[in-house]
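J.: Okay, here's what each chain looks like letter by letter:
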Amino acid sequence: MNYLSIKNNQTVSIAEIPETDYYAFRVLVVGMVVSHPERHCVNYFGYQQEESIKLICCIADDFLHVINVLSCRVKASDSLDSLTSDCLAFEKFEREIHENFGVFFKGHPWLKPVRYPVDRADRSETIANYPFWGIESEELHEVGVGPIHAGIIEPGHFRFVCNGEQILHLEIQLGYQHRGIEKLFLEKKKLIERATLAEAIAGDTVVGHSTAFAHVWESLCGFESSADIEYVRTLALELERIAIHTGDLSAVCTDIAYQLGSAVFGRLRTPIINFMQEWGGNRLSKGLIRPGRNPFLFTPELAVRLHHVLDVFEPDFNEMNKRLFQLPSALSRFERTGIVSYEDVLSIGTVGMSARMSGLNRDIRSSHPYGWYGLLSHDPIIKHHGDVYSRVQIRKQEVVQSMGYIRTLLGQIPDGVTPQDTSLEARPESFAISLVEGWRGEICHCALTDKKGELMQYKIKDPSFHNWLALALAVRNNEISDFPICNKSFNLSYSGHDL
Amino acid sequence: MLSFVLMLIAALFFTGILIRTKSLASGRKGPGIFQPVKDVIRLFKKGAVYSETTSFIFQIAPTIYFSSVVMAMLVIPFGHSKGLISFDGDFIFFAYVLSLGKFFSIIAAMDTGSSFEGMGASREALYSMFAEPAFFILMGSLALLTGYTSFQEIFYALHLGSYISYALAILASFVLVMIAMIENSRMPVDDPKTHLELTMIHEVMILDNSGFDLGLILSAGYLKFAMYGTLIVNLFIGTVPYGYAIPAFFVIQCILAVIAGLTESFMARFRMNHNAQFIVALTSVSLLIFFGVLLISGKFV
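Protein sequences, first through last, are from chains A and B. Using the working numbering, read the first sequence as starting at 89 and increasing by one per residue. Using the working numbering, read the second sequence as starting at 40 and increasing by one per residue.
Note that these hints are calculated values from the structure, not bench results. Please note: incorrect hints may appear among the correct ones.
Stated by the list, open to error - Simulated pairs of lysine-lysine, DSSO-like, Cα-Cα distance not exceeding 30 Å: (1) B:Lys68 to A:Lys410; (2) A:Lys271 to A:Lys142; (3) A:Lys539 to A:Lys484; (4) A:Lys540 to A:Lys271; (5) B:Lys338 to B:Lys68; (6) A:Lys484 to B:Lys68; (7) B:Lys232 to A:Lys410; (8) B:Lys232 to A:Lys484; (9) A:Lys163 to A:Lys539; (10) A:Lys277 to A:Lys142.
To be verified - In silico negatives: residues of chain B with every beta carbon more than 10 Å from chain A: (11) Leu41; (12) Phe175; (13) Pro227; (14) Leu235; (15) Ser323.
What the hints assert, rightly or not - Selected chain A positions facing chain B (Cβ under 10 Å, derived; list incomplete): (16) Ser417; (17) Gly499; (18) Pro502; (19) Asp503; (20) Ser569.
Ideal Cβ placement from N, Cα and C applies to all residues, glycine included.
Start from the sequences and build out the full structure, keeping to the hints where you can.
T.: Next up, the structure:
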């Protein structure tokens, strides 16, 4: 076998990962992914090893619940046949590898820069001379939005090509938010520093990313996580989902100028994040999750409080949803706006909500369960229209589902406290991968260690990495005034993409 | 004279009541009734900043826009007291002096060279173009009904005698309310609260205006609201003595502000391409009024 099948959160020695030449690697990857909707690439990255570049590709198989890892070795000066020409989902990964190392991929439509790292191969590529796809037409016009926006959001540039009010094409240029997080993971040696970094990958997915980091690190160190530690993580992930989904519903209502929905959902988000404050001392759950320990125990007193918070939350949430989904003016904004077809989401490899909106079942909670999700036997919520309405419906139903899970979990608080002074030493020459379903979708963290057990490479993939392209496709042929509602219904992360 | 003073007073609190209604409807306390006026006073104390790409058009446009609204206000009567100016056909003057102001605000928006403002300008031009027939068919029908062509005479002669004419007055006030909403860029056509340039109509046109100029544009907006409110009041008061008419004026203005506030609280904005349909539909309501008038006056067999 030219690939290695591992489970989610499993660590293997780097030497165990079969290494082939690029040609065999390419045939294998294409054969695995093309016309297999149940398999998709969760991470594909390269790192410098002596004179050559080692490429590692991780492909998750949702039926067999395994991750296939394979690798090959190429040279920076190589010109390789691209995977993109057979499977569009590799488009951004290959752009990233090209940007970092200068490897050229033949047949790739356009190897544009992704996020401008300091040590990129071609320093002449700067954020100021990004090669936009342009038009030369008297009738069409271009509209540029950002990188500085009217609202309090992150920087990113959107370039529309419009025919009057109709969008023909949207190009999204990101990279403004690049902080070199992956490099910082290698430079910062203390575990607490790394855990804090993981929290800063995307400010709205603190639990998701810090759980992924904790899992990777514990796996690297061979630490057997106990039930109470995983309990806290599962609970926090679901609470984060409720809080952000509710906030998103509020933001969607703001964008269609429905003041009642905006105010009510905005108010409903607050008690949930206030509960996080009560529990872990931070409304955004920072500091709640740490590798190898459980800094904030979930006590029976907190369970009583959480029961109360949810009991107050639920009737208001349901009533507001009933009103929102019965309001003709709101429905006319949601329905048939920003449609992405099943074929499109499959080919560009979206994950999480952006896949489930169009009938593509991508949910790590059911396909590669971790923590307590195995016990919850999660059933993903799938919609089929791929429009704003589907995305809003998914949010609504996932909040209800998460409340159910939290109530189930609250009935089985594990007792027994894990000792807090575990020392964690990473195994040398190892590779670990962790998949976590954050509220936005699949988060993938990969770590590789060197001979001394030091981190050699840390690779993060936020769900936004692929999903931004779905937004660009969604707005085609829509009115430009519907762009904000499409954008908000995806609510993708800039910093998660830019790292 | 009386109408002018009343309109100035109504303009002081109209937008404040509207905003307060919205705040209360969403469970917030909201700013004071006079906050919009205070904002304008603050802006009047400031200087304006001009982009280097703009020409003198951009600098004179806010003044012309403001003065066009003031001029339009001059012809509005109140009951049997005339406006400061009154002549035959003054409702045509009213509509086109407002259009002049709008024309300047549109070319000023184009002058900035921003792609957003160009979009806003094209939307504003389109919607006012669609709203124009509704206004003229309405006023033309009332002129046909009464036999006069100036605001004051039309409203003075407008006796609401039969049930049909009450129905006409209700339809007419609906058309006028909706035109007021369109002209003032309120919901359901435009969302004045949004921060998203791509969905704005009027707001996006004034993105580059600041300080004194912005103050002028905002206060012109407040005056416009009061002005359309007065037109609606005029439909009903006719020959009622001032003792009742003046309190009725303020009550109707407040009701209008509350209705506008509630609309903005409890519904979503229209999809942009439904706006045009909606505004054209107003013209058909005006046509209904026109046929009603033909029925009443017996010219329609």
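J.: Mind checking the alpha carbons of Lys277 of chain A and Lys142 of chain A for me, to see if they're no more than 30 Å apart?
T.: holds (24 Å)
J.: CA of Lys68 of chain B to CA of Lys410 of chain A, is that 30 Å or under?
T.: holds (26 Å)
J.: Holds or violated: is the Cβ of Gly499 of chain A closer than 10 Å to a Cβ in chain B?
T.: Violated: closest Cβ of chain B sits about 34 Å from Gly499 of chain A, beyond 10 Å.
J.: Taking the minimum C-beta separation from Ser323 of chain B to chain A, is that value above 10 Å?
T.: holds (20 Å)
J.: If you draw a straight line from the CA of Lys232 of chain B to the CA of Lys410 of chain A, is it 30 Å or shorter?
T.: The given pair, whose Cα atoms are some 25 Å apart, holds under the 30 Å limit.
J.: Measure nothing beyond the straight line between the CA atoms of Lys271 of chain A and Lys142 of chain A; if it is 30 Å or shorter, mark the hint as holding.
T.: With Cα atoms ~17 Å apart, Lys271 of chain A and Lys142 of chain A stay inside 30 Å; holds.
J.: Below or equal to 30 Å on CA atoms is what counts here, so check Lys338 of chain B against Lys68 of chain B.
T.: Violated, at about 54 Å.
J.: Checking one constraint from the list: CA of Lys539 of chain A to CA of Lys484 of chain A, max 30 Å. Satisfied?
T.: violated (48 Å)
J.: Are the Cα atoms of Lys540 of chain A and Lys271 of chain A separated by 30 Å or less?
T.: holds (18 Å)
J.: Are all C-beta atoms of chain A more than 10 Å from that of Leu235 of chain B?
T.: violated (4 Å)
J.: Far enough from chain A: is every CB of that chain over 10 Å from the CB of Leu41 of chain B?
T.: holds (36 Å)
J.: So, as I understand it, the hint says Ser417 of chain A touches chain B; can you test that by seeing if any CB pair is closer than 10 Å?
T.: holds (4 Å)
When the structure is compared with the earlier hints, violations turn up for hints 3, 5, 13, 14, 17, 18, 19 and for no others.
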